[in-house]
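Colleague: Below, each chain spelled out in residue letters.
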Amino acid sequence: MEPLNALVSLSNFMLIPALAYGSQLALGALGITLIFSILRFAHFAHGDTMALGTAAVIGGTFFLQAQGITEPFGLPTALLAIPFGLLVMIAYLLTADKLVYKYFRKVKAKPLTLVMASLGVMFVTNGITRLFMGVGETRFEDGNRFLFTVREFRDFTGLAEGMALRSAQALTIITALVVMVALFWFLNRTRSGKSMRAYSDNEDLALLSGINPERVVMITWTITAILLVLAGTLYGLDKGFRPFNYFQLLLPMFAAAILGGLGSPIGAIVGAYVVAFAEMGITYAWRRVFTYLMPEGLEPTSMMQLLPVDYKFAVTFAILVIVLLFRPTGIFKGKVL
Amino acid sequence: MSLTARDLGLFAIMFAVLAMVAMFQSPQLAVTILNMSLISAIMALGVNMQWGYAGLFNVGIMGFTAVGGLAVVLIAQPPIPEAWSAGGLGIMLGLMLGVATILAAVVVYKRMAPSKMRGLAIFAVLVVGYLVTSYVFGPAKQAVQAVNPASEGYLGGAGLPVILAWPVGAVFAAGVAWLVGKVSLGLRSDYLAIATLGISEIVIAVLKHERWLARGVNNVTGIERPVARPIELQPLPWVQSLAETLGWSVSQTASVVSGLGYSALFLIVLAILIWLAERALNSPWGRMMRAIRDNEISARAMGKDVTRRHLMIFVLGSAVCGLAGAMMVSMDGQLTPGSYEPLRFTFLIWVMVIVGGSGNNWGAVLGAFVIWFLWVQVEPAGRWFMEIVTSGMADGSDLKQHLLGSAAYMRLLTMGIALLLMLRFAPRGLIPER
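Protein chains in written order, with the working numbering: chain A, 805 to 1141; chain B, 159 to 592.
Hints are computed from structural coordinates only; laboratory data are not their basis.
You may find that some hints are simply not true.
[What the hints assert, rightly or not] Calculated cross-link-like contacts (lysine to any residue; reagent style SDA-like; alpha-carbon spacing at most 20 Å):
{"id": "1", "chain 1": "B", "residue 1": "268", "chain 2": "A", "residue 2": "1126"}
{"id": "2", "chain 1": "B", "residue 1": "340", "chain 2": "B", "residue 2": "264"}
{"id": "3", "chain 1": "B", "residue 1": "268", "chain 2": "A", "residue 2": "1129"}
{"id": "4", "chain 1": "A", "residue 1": "910", "chain 2": "B", "residue 2": "558"}
{"id": "5", "chain 1": "B", "residue 1": "558", "chain 2": "A", "residue 2": "867"}
{"id": "6", "chain 1": "A", "residue 1": "912", "chain 2": "B", "residue 2": "586"}
{"id": "7", "chain 1": "A", "residue 1": "998", "chain 2": "A", "residue 2": "983"}
{"id": "8", "chain 1": "A", "residue 1": "902", "chain 2": "A", "residue 2": "912"}
{"id": "9", "chain 1": "B", "residue 1": "340", "chain 2": "B", "residue 2": "464"}
{"id": "10", "chain 1": "A", "residue 1": "1043", "chain 2": "A", "residue 2": "947"}
{"id": "11", "chain 1": "B", "residue 1": "268", "chain 2": "A", "residue 2": "1125"}
{"id": "12", "chain 1": "A", "residue 1": "906", "chain 2": "B", "residue 2": "576"}
{"id": "13", "chain 1": "A", "residue 1": "914", "chain 2": "B", "residue 2": "264"}
Isolated chain A, as found in the complex (with noise of 0.2 Å):
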C-alpha cells in the first residue's frame, strides 16, 4: 500500500489544489488571450478587474445572507450572487471601453497607449475595489466546505494517509471545464463566434466580409466579464478574497498566456496547468511522498522542496524566460510576433 499512500499524501496537497488553481488561472488567461487577439493589446488590468467582479458577488452573497436565502443544496451562496457580479462587470468593462479603450480603437492609436490607458483603468478600478472592501481578506465560503474530509477518507479507504476534497475545488475543476467547452463551442460552432475568429485573423477581410467590429469587441468583453467574474470567484471561494492577491494573478495568467501562445485560446488553458504544476511542483515538500516511496533506511532527511514557496513567482518567470528564448511564440504557435 505505500505507493498508494503516496499518490494519496501527493493529491491531497498538491494534484488536487494545483489542478484547482490550474483551472482559475486558465479561465484569466483565456479572457487575456482573448483581449489580445480581438483587441490587440496586453490588458494589464486583468487582474484588478476580476478583484471588482469578485467583489461584485461578494456583495451579492452578503445581501442574500441578509435576506435569509443561503447555501442551495449545500453549495457555496455566492454561486447565487454570480449572475448579479456578471451583470455588474459586463457593464463595467462595456462602460471602460465606451469611455476609454474605444477613442483610441478609433485614432488607431498604437498598442502601447492602449496598455498605458489599460494602467489607468487599472488605477480605478483598484481604488473602486478598495473603497468597497478595503485591503483586508474577506471570506465568503459557507455551505458544505467538504465533499469528504481527510477522516472520512480514511476510514473509507483504510489507508494511513488521508486526502480531502474541498467543495470549492471541485467546483473550479468542473465548473472551468464546462466554461472551456461552452467558450469553444461558442468560437467554432455560432456564428458570433466564427466572426471573432475572423476579426482576429484578419481585420480588414472581416470588415470586407460585413463583420460589425464594434459588435466583435463587444462580445469579447461579455465573454471576458464572465470568465473573470467566475475565475475570481472560484478563486475568492478557494483561497479567500485580498484585492492585492488578484493583482499579483496578473503574472502566473500572463505567463501562462504567453506560454500557450498569445491569441490561442487552446495554448492559454494548456499554459495554465503547466504553470500551475511548475509552481505548486517545485514549491512542493515532497519528503512525505518519497517517504513512502524509498525503502526503508533510505527515507529522506531533508523537507525536499526545491524552493520556498515564496519564490513561486520566481517558478513562473522561469518557465516564461525558457520559453521567450527557445519558442517565443508559444506552444501552439500564436499570433504574429
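Could you slot chain B onto chain A? The hints should help.
Modeller: Below, chain B alone, put in the same frame as chain A:
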C-alpha cells in the same frame, strides 16, 4: 535648456503651491514632499529615457529601485564578523556554485548538437548543480541567520561611506536590467513588460526571503545617513538662533534644515542627470534613438543595431532608477522590503511620465512633482470630502465609518483618472516633446 516661458510658468506654479504648503500646512511637510518629488523625478527621468527615447515599456521599476536600495545596506552597514566567520565563506561559495551551474548549462547548450542527449545533459547539469549548491549554501545560510537574530542575523555590509552606495545602486540595477534585457529585448514589446513585471516581483521576494542578505522582512534600520539627523542638529548654536529668527521650535527647524540638506544633495544629482540626459537627447546618439523609436524598420534598414541600442538604453534607464532607489533608502535610513508595492513604485512613476510628457526630460521632472504632490495631498482631501458627504449621517453608523475609512483609497482613483484624462485629452503631456 529648451524650456519655454510656459514651461517655466508651470514650474513656478508648482513651487508656489509647495510654498503654500509650507505656509499653511507645515514646513516639514513641504520639505518631505520636495524630497520625495526629487527622488521620483529621478525615477521618472530613468523611465523617460526608456519610454520617451526608445519606446521601451518597463513595468519593473519597483525591482530596480529595490536593488538600488539593497546597495545602500551592502555598502554602508558595518560588516558583522561573527556572521562572516559562521557562514560567509559557505554563502560566497554557494553563490559561485549557483552561477557556475547556470554557466555550465549554457556551455552544454552551446557546445552540443541539438538532440535528446543535449536536453538530458542540461537537465543532469542543473540537477547536480542544484544539489551541490544547496548542500553548501543551505547550512551556511542557517548559520549566518542564527547569529544574533534579533538585531543582526545577516552578513552586514562593507562599512563604506553611504554616498558611495548611490553609484553602486545604479550599477546593481544596471546588472539586473542587462540580464532581463538580454532575454526579452528584440521580441514583442509586451514581452519586455511581462518580463520586467516578473523580475521586479522576484527581486522583492528575494529581499523579503533571504535574511542573510539584508534581514528580509525584519528590515535593516539605522543606516548611516549622508546628512546630519535633526537630533544632531538641535544642539548646534546656529540652528537655535535660526529657530529664534524664524519663530519656529528648535526641533522643527532642525528637521527642516536636515531635510533641506537632502534636497540640496538630490538637486545636485538631478541637475547632473538632466544635463547629461539633455546632452544625450540632442546629440547624434539621441537622434538615432528617436529614429529607432519612431520607425524601427527604417532604422534597421539604415544599419542601426536596434536590439543592441534598446539594451543599452534599457540598462541606462534602469541604472537611473537604481540610483533613485539608493537615494531613497539612504534618506529613510532603512530598508523595508515589505513596503515595496508595484502600484506605488512602478505604476505611479508611469503616471508621472505620462502626465509630465513622455520624451521630454523636463516634463518627466514636472510630472513627478505634480503627481507626488497629488499622491500626498489627495488623502487628506479625500477625508475632508468624505467628512462632508457623511456629515448628515448619524454618528457611529456603519456606512459612515466605512466611507471615512476608505478615504485613503481615493488617491488610487484620482491617479487613474488623471492618467486616463491625460492620455485622452493631452497625450503629449504637460511639457510635450519637441
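Colleague: Is the straight-line distance between the alpha-carbon of residue 268 of chain B and that of residue 1129 of chain A 20 Å or less?
Modeller: holds (13 Å)
Colleague: Just to be careful, I want the Cα atoms of residue 268 of chain B and residue 1125 of chain A compared with a cutoff of 20 Å; is the pair within it?
Modeller: holds (17 Å)
Colleague: Compare the distance between the alpha carbons of residue 340 of chain B and residue 264 of chain B with 20 Å, and conclude whether the hinted pair is satisfied.
Modeller: holds (14 Å)
Colleague: Residue 998 of chain A and residue 983 of chain A: Cα distance at most 20 Å?
Modeller: At roughly 18 Å apart (the allowed maximum being 20 Å), residue 983 of chain A and residue 998 of chain A satisfy the hint.
Colleague: Starting from residue 912 of chain A, check that the Cα of residue 586 of chain B is at most 20 Å away, please.
Modeller: Given that 20 Å is the threshold and the Cα spacing comes to 16 Å, the pair holds.
Colleague: If you draw a straight line from the CA of residue 910 of chain A to the CA of residue 558 of chain B, is it 20 Å or shorter?
Modeller: Violated: residue 910 of chain A and residue 558 of chain B sit about 42 Å apart, past 20 Å.
Colleague: Tell me if the straight-line CA distance from residue 914 of chain A to residue 264 of chain B falls inside 20 Å.
Modeller: violated (37 Å)
Colleague: Hey, residue 558 of chain B versus residue 867 of chain A, does the alpha-carbon distance stay inside 20 Å?
Modeller: holds (19 Å)
Colleague: Compare the distance between the alpha carbons of residue 1043 of chain A and residue 947 of chain A with 20 Å, and conclude whether the hinted pair is satisfied.
Modeller: The given pair, whose Cα atoms are some 15 Å apart, holds under the 20 Å limit.
Colleague: Can the restraint linking residue 340 of chain B and residue 464 of chain B be considered satisfied, given a maximum Cα separation of 20 Å?
Modeller: holds (13 Å)
Colleague: Would the hint linking residue 902 of chain A and residue 912 of chain A be met if the CA-CA limit is 20 Å?
Modeller: Distance of about 15 Å is within 20 Å: holds.
Colleague: CA of residue 906 of chain A to CA of residue 576 of chain B, is that 20 Å or under?
Modeller: Given that 20 Å is the threshold and the Cα spacing comes to 18 Å, the pair holds.
Taken one by one, the earlier hints fail for this structure at numbers 4, 13, listed in ascending order.
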